[in-house]
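Q: Residue-level listing of the chains:
Protein chains: 2
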Amino acid sequence: MMRNKKILMVIIDGISDRPVNNKTPLSEAKTPNMDRIATMGINGIMDTIAPGIRPGSDTGHLALLGYNPFKFYTGRGPIEAAGAGVKVNPGDIAFRVNFGTVKGEGNIFDKIVVDRRAGRISKTQPLIDAIMQGVNLDVEFILAKGSGHRAALVLRGKNLSDKITDTDPKIIGEKVKMCKPLIDDRNAIFTAKIVNEFMEKSHEILENHPLNKDRENQGLLKANALLLRGVGKVPHIPSFSERYGMRLAVISGTTLIRGIGKVLGGDLIEVEGMTGGKDTSIKNKVKMAIKSLEEYGFVLLHFKATDEFGHDGDFDGKRNFIEKIDMELKPLLELDFSRVCLILTADHSTSIIAKEHTADPVPVTIVHEGVRVDDVKQFSEFEAYKGGLCRIRGMDLINIALDLIDRAKKFGA
Amino acid sequence: MMRNKKILMVIIDGISDRPVNNKTPLSEAKTPNMDRIATMGINGIMDTIAPGIRPGSDTGHLALLGYNPFKFYTGRGPIEAAGAGVKVNPGDIAFRVNFGTVKGEGNIFDKIVVDRRAGRISKTQPLIDAIMQGVNLDVEFILAKGSGHRAALVLRGKNLSDKITDTDPKIIGEKVKMCKPLIDDRNAIFTAKIVNEFMEKSHEILENHPLNKDRENQGLLKANALLLRGVGKVPHIPSFSERYGMRLAVISGTTLIRGIGKVLGGDLIEVEGMTGGKDTSIKNKVKMAIKSLEEYGFVLLHFKATDEFGHDGDFDGKRNFIEKIDMELKPLLELDFSRVCLILTADHSTSIIAKEHTADPVPVTIVHEGVRVDDVKQFSEFEAYKGGLCRIRGMDLINIALDLIDRAKKFGA
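Those protein sequences? They're chains A and B, same order as listed.
Each residue of the first sequence is one higher than the last, beginning at 1 in our numbering.
Each residue of the second sequence is one higher than the last, beginning at 1 in our numbering.
Please keep in mind that the hints were generated in silico from the structure rather than gathered at the bench.
One thing to keep in mind: the hints can contain errors.
To be verified - To list a few chain A residues with every Cβ distance to chain B over 12 Å, as calculated:
#, residue
1, GLU80
2, ARG96
3, VAL135
Claimed, not checked - Just some of the chain A residues that point at chain B, by a computed CB distance under 8 Å:
#, residue
4, ILE45
5, ILE49
6, ALA50
7, PRO51
8, PRO55
9, GLY56
10, THR59
11, ASN68
12, PRO69
13, LYS71
14, MET327
15, HIS357
16, GLN378
17, GLU381
18, TYR385
19, ILE400
Using N, Cα and C, we set each Cβ at its ideal position, and we do this for glycine too.
Based on the sequences and whatever the hints tell you, model everything.
A: Here it is as structure tokens:
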């Protein structure tokens with residue numbers, strides 16, 4: 001019986017903020033359901049990674065799942081590749097990839113990037129197929145489609161290194177960059193050579209592909225170059241079920257978070273109407289999260305759009321979206337908290353002024369039978385710190401939850 | 001524009017205390033300006049190093065500047081030497097030195113220490129010059145004058161070790177101690193031999209120096225021995241500007257804190273009337289700190305005397321000095337907090353009962369546009385813990401400030 005207790009972690013990406021005139025979108029939003037959760041639970045503030053350290057969504061989520069990002073985070077490439085559906089192996093070298101448009105004479109490294117998204121092309125599968133068939137390298141490679149103009153590249157083999165540079169110049173009007181070794185190391189030199197070969201060969205195929213000829217005829221930008229960035233070596237990382245003895249379900253429309261789920265050996269749960277954006281079906285995601293508790297020990301339910309409104313600097317938009325999420329959280333109040341440990345929190349703050357993630361701590365609430373209910377009655381940056389959790393770290397959160405559901409092991413006798 | 005935000009850290013040495021009848025000098029002092037700062041900011045308590053660890057002023061300051069003292073603190077010698085103006089190099093062996101008076105027959109190690117300050121001699125430069133000219137060792141050495149009877153000794157060369165004992169017996173009436181290796185190591189044995197040679201040769205020169213003959217004739221104690229303590233190897237330590245991309249200014253009259261500033265590659269700012277003691281010009285120091293913000297990214301403003309009153313066990317004296325400081329802090333209220341991040345805190349508590357530093361956490365307040373202002377309205381040990389920072393560590397403070405002024409880098413994506 002005890003073994004059947006479950007954890008539902010609701011992560012509202014960047015929900016908390018840095019105040020403007022002592023107000024934040026969260027403190028101003030009408031959030032009766034979140035406030036009810038805060039009232040039923042124990043509250044605190046949390047440094048997802050450490051005080052003053054600005055988390056990415058990837059490093060933040062790793063920490064919240066109990067994986068030290070300083071140990072297990074090796075760059076965004078591996079996570080994006082996993083999110084794009086590549087079954088990555090430890091030791092693989094992975095990149096984030098954009099289909100882009102280059103112009104000019106000579107080889108790929110003489111050409112200028114005129115668009116980093118190839119006119120926001122999304123029909124890239126035929127191009128990917130042509131590259132997979134037409135390019136030969138001294139190591140195995142996988143090119144996988146991501147959303148829109150995005151893709152992931154994985155190199156697999158011996159003697160590979162991630163101590164190399166990007167080929168994406170990241171600035172329009174600059175030349176495609178040659179991949180260079182970052183250290184004087186045989187493997188880094190070898191890997192850079194392979195990457196440059198891939199750049200040239202893939203460019204040749206793309207340049208002459210019928211789909212690009214069609215685009216040219218239609219006045220569209222050709223998707224004639226692959227721009228690589230975020231290189232990382234896939235780490236040896238113990239799976240979530242290995243580590244915690246419970247299966248992980250991830251409900252998120254965001255490639256990066258889906259990638260985290262895959263890297264940890266979790267299952268991605270598909271939801272009708274889930275988009276990863278502002279138009280996602282919140283209601284369906286909440287419903288599916290509750291349903292998934294039947295089958296999974298740990299369910300991660302992630303909402304992205306709050307973070308996007310933060311990056312846009314849109315106070316009202318963020319507040320309104322928080323209220324929209326809140327309305328759909330009502331079913332969570334009906335959970336059996338003798339069986340389910342509910343966690344409501346964020347992976348980081350996103351400041352509508354800085355338009356960026358900040359290290360301001362996030363509010364966190366834990367509801368479960370047996371928590372020391374405190375006096376906090378509102379889920380907000382200005383109330384959370386008064387709660388019984390005081391100030392904790394993201395890495396500790398899952399251990400606190402495992403203890404509450406009696407899955408923690410005693411250290412010592 | 002963003003790049004021009006600055007940090008002003010005001011450290012009032014040992015200002016906080018362990019209560020007597022639920023009162024401390026700080027809680028009893030009338031501090032309208034500090035209270036105004038607390039009201040405008042976010043508050044908390046802070047373990048400078050870690051809970052229960054009693055910080056020195058040196059280790060405390062290192063931590064507050066974001067340098068882990070367990071990694072970078074190698075004893076007081078290197079810091080005092082830097083504070084005395086020696087340009088120390090990584091690998092140098094440094095000692096704190098007292099000019100002392102010894103009496104008796106035989107060699108230096110047969111003689112008894114009759115005064116550890118040689119009658120508080122301060123005219124030591126001729127003696128130092130004579131030693132620098134007259135003593136020859138197998139390694140290079142530098143003897144530098146400190147304040148009063150104090151000096152610093154630096155040994156420089158290959159095969160040197162700091163795993164050796166002091167020669168200062170620290171107790172009147174005991175013999176000068178021979179320097180011994182602490183471990184069975186060739187370098188430690190070699191260094192101890194060098195130190196003992198230095199002890200003998202310097203003693204011979206001092207004993208016969210005309211200045212000491214004069215002192216003897218005047219009935220003064222001879223400064224005829226150098227007593228060495230606080231040995232440490234100068235660590236490899238990244239400079240403040242290397243680490244944080246901003247220049248460090250230190251405003252302190254205290255050799256030890258000045259030494260910390262020098263070790264980190266900071267600039268020491270001189271102030272008229274600054275003495276490092278109870279008679280220092282608080283007003284001028286505050287004025288200079290504000291002025292220094294024009295040129296420096298990070299200004300450390302340090303006041304020492306509160307700690308001295310604590311060591312003296314003087315409740316009223318400490319309270320009165322706190323009030324004296326408070327009066328002069330008024331100009332800080334006029335800072336532009338959209339540009340300046342003001343931190344008000346201490347390096348440790350100094351208990352008027354224990355007459356020593358204690359590990360009781362210190363209050364800390366941060367004022368900057370965008371901090372989550374809390375309900376705390378008084379700068380005191382009894383109010384600070386109710387604030388929005390909860391309980392933090394000294395090492396995290398600078399990262400929190402760098403995040404607030406948007407100089408933090410995101411870890412991950």
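Q: Of all the hints given earlier, name the ones this structure violates by number, lowest first.
A: The structure breaks hints 1, 2, 11, 13, 14, 16, 19; every other hint is satisfied.
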